[in-house]
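Below, each chain spelled out in residue letters.
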Amino acid sequence: MAVKDKLKTELFPTIWCPGCGIGLIMQQLASVMDDLGLDKTNTVLITGIGCTGRMGAYMNFESVYTLHGRTLPVAEAIKLVRPELNVIVVSGDGDTASIGGNHLLHSIRRNPNVTVICNNNEIYGLTGGQAGPTTPKGTSTISSPSGAGYSPINLQGVVASNPNAFYAKTTVYHQGPMKKAIKEAIQWPGFAFVDVASQCIENNGRRIGFSSANDMLQNYRTEYKAAPAGATHLEPHQTGIVKGEPLPVAGGSGNGSKN
Amino acid sequence: MAKRLVQGNEAVFLGAVKAGASFFAGYPISPSSEILAQASVYASKNPEFRFLQEEDEIASANAILGGSLAGAKSFTATSGPGFSLMQEAVGYGHKVGIPCVIVNVMRVGPGTGMPTMPGQGDLLQTRYGSTGDYTSIVFYPSTVAECYEYSIQAFNAAEESRSPVVLLSDAFLGHLNEVADLDTIDVPVVPRTLEPLASGSTRLFSGVATYPDGEPATADGDEFIRQYYESRDNRLAVAEKYNFHEYGWNKDAETLVIAFGITARVARPLAPYFALFRPIRMWPTLDKELAEVAGKYKKIVVIEGSDGQYASVVEHMLLRRVERVPLLGGRMSIEAISEGLDRIGMLPAGFAVDKKSTVAVG
Numbered sequence: 001m002a003v004k005d006k007l008k009t010e011l012f013p014t015i016w017c018p019g020c021g022i023g024l025i026m027q028q029l030a031s032v033m034d035d036l037g038l039d040k041t042n043t044v045l046i047t048g049i050g051c052t053g054r055m056g057a058y059m060n061f062e063s064v065y066t067l068h069g070r071t072l073p074v075a076e077a078i079k080l081v082r083p084e085l086n087v088i089v090v091s092g093d094g095d096t097a098s099i100g101g102n103h104l105l106h107s108i109r110r111n112p113n114v115t116v117i118c119n120n121n122e123i124y125g126l127t128g129g130q131a132g133p134t135t136p137k138g139t140s141t142i143s144s145p146s147g148a149g150y151s152p153i154n155l156q157g158v159v160a161s162n163p164n165a166f167y168a169k170t171t172v173y174h175q176g177p178m179k180k181a182i183k184e185a186i187q188w189p190g191f192a193f194v195d196v197a198s199q200c201i202e203n204n205g206r207r208i209g210f211s212s213a214n215d216m217l218q219n220y221r222t223e224y225k226a227a228p229a230g231a232t233h234l235e236p237h238q239t240g241i242v243k244g245e246p247l248p249v250a251g252g253s254g255n256g257s258k259n
Numbered sequence: 260m261a262k263r264l265v266q267g268n269e270a271v272f273l274g275a276v277k278a279g280a281s282f283f284a285g286y287p288i289s290p291s292s293e294i295l296a297q298a299s300v301y302a303s304k305n306p307e308f309r310f311l312q313e314e315d316e317i318a319s320a321n322a323i324l325g326g327s328l329a330g331a332k333s334f335t336a337t338s339g340p341g342f343s344l345m346q347e348a349v350g351y352g353h354k355v356g357i358p359c360v361i362v363n364v365m366r367v368g369p370g371t372g373m374p375t376m377p378g379q380g381d382l383l384q385t386r387y388g389s390t391g392d393y394t395s396i397v398f399y400p401s402t403v404a405e406c407y408e409y410s411i412q413a414f415n416a417a418e419e420s421r422s423p424v425v426l427l428s429d430a431f432l433g434h435l436n437e438v439a440d441l442d443t444i445d446v447p448v449v450p451r452t453l454e455p456l457a458s459g460s461t462r463l464f465s466g467v468a469t470y471p472d473g474e475p476a477t478a479d480g481d482e483f484i485r486q487y488y489e490s491r492d493n494r495l496a497v498a499e500k501y502n503f504h505e506y507g508w509n510k511d512a513e514t515l516v517i518a519f520g521i522t523a524r525v526a527r528p529l530a531p532y533f534a535l536f537r538p539i540r541m542w543p544t545l546d547k548e549l550a551e552v553a554g555k556y557k558k559i560v561v562i563e564g565s566d567g568q569y570a571s572v573v574e575h576m577l578l579r580r581v582e583r584v585p586l587l588g589g590r591m592s593i594e595a596i597s598e599g600l601d602r603i604g605m606l607p608a609g610f611a612v613d614k615k616s617t618v619a620v621g
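Residue numbers (our numbering), protein chains in the order written: chain A, 1 to 259; chain B, 260 to 621.
With the rest of the complex left out, here is chain B (with noise of 0.2 Å):
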């Protein structure tokens, strides 16, 4: 392949193919749509990937838990209110430890919201929307070219850590056309993992908890604990591997933005005055990683599309006040980020928004 316009879902989808990934089970919804599209005309012409257009998102959720226990590589894509709808699956995948992959392009919620307009406010719902305690993994891309990679990394990491993993998408991001060459794109693809259904052992997946030989364990509190602690320091090892991230722009500069997805993109026109830490792994989160730098800025400002989910954990991880500019209501452009910051007295002296290029790229 050579160089062509690629459409971000159109490069999450190639991803997914080239990670291996053979079922795919999905409902419509803007803005992921294009996802199921491309799933459907791609499996009528490859009878060996399967693909089922269900009747919701809890049937496509499940669907790719069964499908991936039978032995495919599977994947949903979905939106934010799907993917409310698909956390209860969440919570079994990662009880019973399922790999899958679940595509979120994130619009503007909550309720249905803005569904073409991008969004960024489903980032805690992918750490904390199912019940219980679970190590979700979730990768943020914030180009064409990465929505290609961090796809197979996404697939990839699933098999390592048995778990649903999470990749971001927006709907800016994954309806933006941009001139790549995938083939240049060389990521390892991780084999499966989990020996499939029928294997002529007699296993018991459940998502109820149990001792090893199936019998109910649900009131050995015990038992839970060292359950839980083996799936999560297991989960937390692996994402070590996939400790994706950039770290930019303008390093001299006395203030750090933190910016991830589409935002960082965005918010480029601001290089000269501000330093860069783009978080592409968004859980776990990178500590280490952001300690390293944050200590050399004197001011941290965190540029999301919600009203400060991740400013909050910024500042739960380095445990210090970070200002924050949220872009809601679907502006997602450098006119609203000026805007963001003049309100908190942080727009740089000087910087003009280029009425002719409001969408940064590159």
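Same shape as in the complex, but just chain A (with noise of 0.2 Å):
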């Protein structure tokens, strides 16, 4: 197998901006996907609305592309019902952390063996550039024209609230760490949750002084730095894993657990 079959190039190109972030975390999926092992047979996509949403449909998966918010909810299910199965849910950060908030908050707290891959682009892209729950604030948007109002929402924070679960925070940028991070998230037992920030050239970066997006890419390089070792909490612009206390998880042998 190669990188490649777990891709439905047919349908290529995408209908993702060019110099959009979102490519670039599928390709380290799909790598990840093959280094694993992990196809069509035992593994399903759960996708949610917004642009990230739009993944299952180019992956050799089945994928089930949720209402908006609903991703976990469903991902849950399936993984409960068929626990064999590696249950992998891409989405954005307004998919995830706003209208999915409530859920996000609960499936923590139940610890499904679920991975979670969040593109993080502070922005709702895909409407046109609207503030979301991880928009820093001041950020001008079109819906916050004097700057977003509010601090962004503390994904690190949400996750940790349960002890058991694994949290990473990378960029697109960091293409190494982005990888090792989705592999680890897909082995960890319990829940795990990928946190990518990722470039939106077309509807927030050139609005907030970005002239391309290499431009975005380069400033997460020099912006982020990795974690020292063993660090159990991760500082803003920090990438790095932390986990929880791994709990033996019931039945199955998907995401992690070794049955």
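Treat the hints as calculated values from the structure; they're not laboratory data.
All residues carry an ideal CB built from backbone N, CA and C; glycine is no exception.
It cannot be assumed that every hint is accurate.
To be verified - One side of the interface only, derived from the structure: several residues of chain A facing chain B at Cβ under 10 Å:
(1) G69
(2) T71
(3) V74
(4) P145
Claimed, not checked - Not close to chain B: a few residues of chain A, all C-beta gaps over 12 Å, as computed:
(5) A2
(6) R54
(7) G100
(8) N154
(9) K179
(10) Q187
(11) E202
(12) Y220
(13) A227
(14) A231
(15) T232
(16) P246
As the list claims (entries may be wrong) - DEER-style ranges, computed between Cβ atoms:
(17) I15/A - L264/B: 55 to 61 Å
(18) L264/B - N154/A: 49 to 55 Å
(19) D492/B - L105/A: 40 to 46 Å
Assembly of the complex is requested from the two constituent chains, each provided in isolation within its own frame, with the hints serving as guidance.
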């Protein structure tokens, strides 16, 4: 098998804008899937509304493109009914943390053995660039012309409310660490969340002063630093992995449990 | 199982198990909560039956969509306010074609309303609650034994139509205890019709308008219309096999009463004076079946637990005016029906409410 077998390349080019970060996530996810032997008979993708949700259509897996915000109830139910499957959620920050925020809180609490990969571009991109739950305070958007008024949601803190969960922060610039984070998240027995900073040049970046997608990637390169080894908490603009105490997962072999 | 006392909500749950349901997701809400409790107890003794108590009804409805796609016959139970929260998922289930069952044990709305009192005000919500056009199949039993029977039929219709089917009940029926021997009720079970996830194919289940290969069809009206009529025609054809209704009481009377669910039983003391048409399949409407009998009657009166939701539907079905007896505020009683009939000058001469048995059984 090869990485490209994980992708429906016949549907390329994708609908994503030139310079979008989502494709960089899809590429590393496909690579991890190849490494771990994930295929259409043992893995399903659950995606949510937003640009990121289209990823399910471009991969050689069965996938459920859920209603806006509802990836986790669908994913958790699938995992409960079919524990042998790897259940991977791919969605954006608005879908996951705003309209789906209540499900996130409670899925984390129940610690289902699913993996969430969050394309975190700090904006509602598909609808044109409105402020979202992760938009930094003060950011000018089309729904916050004088600057976003509130602090962004603390995703690390939300995930850490489950002492047995896995949280990783990475960026699309840091391809090696991103691949490592996705791989370890899929192997983690229990709830795993990969928070990927990813650029939206068309509906955010240019408005806040970046001239190109590459500018945004270079910004990730200079702004983000790896957390010190053994860190139990990531500071802002640190990449790394914070693992809780892993719980043995009852039943099934998907997403890391070793039956 | 011999004859024993069975509660309406319990009978719904037992019917689901009989139909092969193996996943329940729900959120507590009166007057449906016994179904959730039954599911949790059953799951603790039968690990192949999966149970999730969700954070809300939005999660519950989306979870049964996921559970069904994963391969389990799946269901949830709720009441009006929770059913409102589920509506977006109902539409998704219709669009994607996902078999599942939603039990709605109706109370008095709108808002939080009267949580433990019976109502029938979700009738239109079961037909038009979600956005866009879709074809609902909805059953509404009126005895505990029927709760069991039509629970099985709801799962059967869901499988055949590949859509979310609604089983209606109400606070009165859900909490009613009646003697029944459910083992004597023999309904053949329709097996699963949807290939479970990870089948080895690469299907995309999407609420977005898409072509069969998964590419977006979000601006192709012709493709939308093709898919819409295909699913509508399929669901109407399936519903034809489930045209449950009852026609009885005094068929020689001048007036036809239309009543359904618990109301048809509360109205039972009027049997000598009226004919009865009782739809069990509430949606799609029983146009042909009703038209066959309605022509014989000078007047038609719809007795229902809402301010004329079904009466308006009947007028539309028959293109004629009908009289209305709305039973509001949870007043599901023969007194309330008598008052209503009296108000419109239709109370039979000589009819008096028997104070000793204001709740009719049988």
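So, going through the hints one by one against the coordinates:
no.	hint	in the structure
1	G69	holds (8 Å)
2	T71	holds (9 Å)
3	V74	holds (4 Å)
4	P145	violated (29 Å)
5	A2	holds (16 Å)
6	R54	violated (8 Å)
7	G100	violated (10 Å)
8	N154	holds (19 Å)
9	K179	holds (23 Å)
10	Q187	holds (19 Å)
11	E202	holds (18 Å)
12	Y220	holds (30 Å)
13	A227	holds (31 Å)
14	A231	holds (31 Å)
15	T232	holds (28 Å)
16	P246	holds (22 Å)
17	I15/A - L264/B: 55 to 61 Å	holds (59 Å)
18	L264/B - N154/A: 49 to 55 Å	holds (53 Å)
19	D492/B - L105/A: 40 to 46 Å	holds (42 Å)
When each numbered hint is compared with the structure, violations occur for hints 4, 6 and 7.
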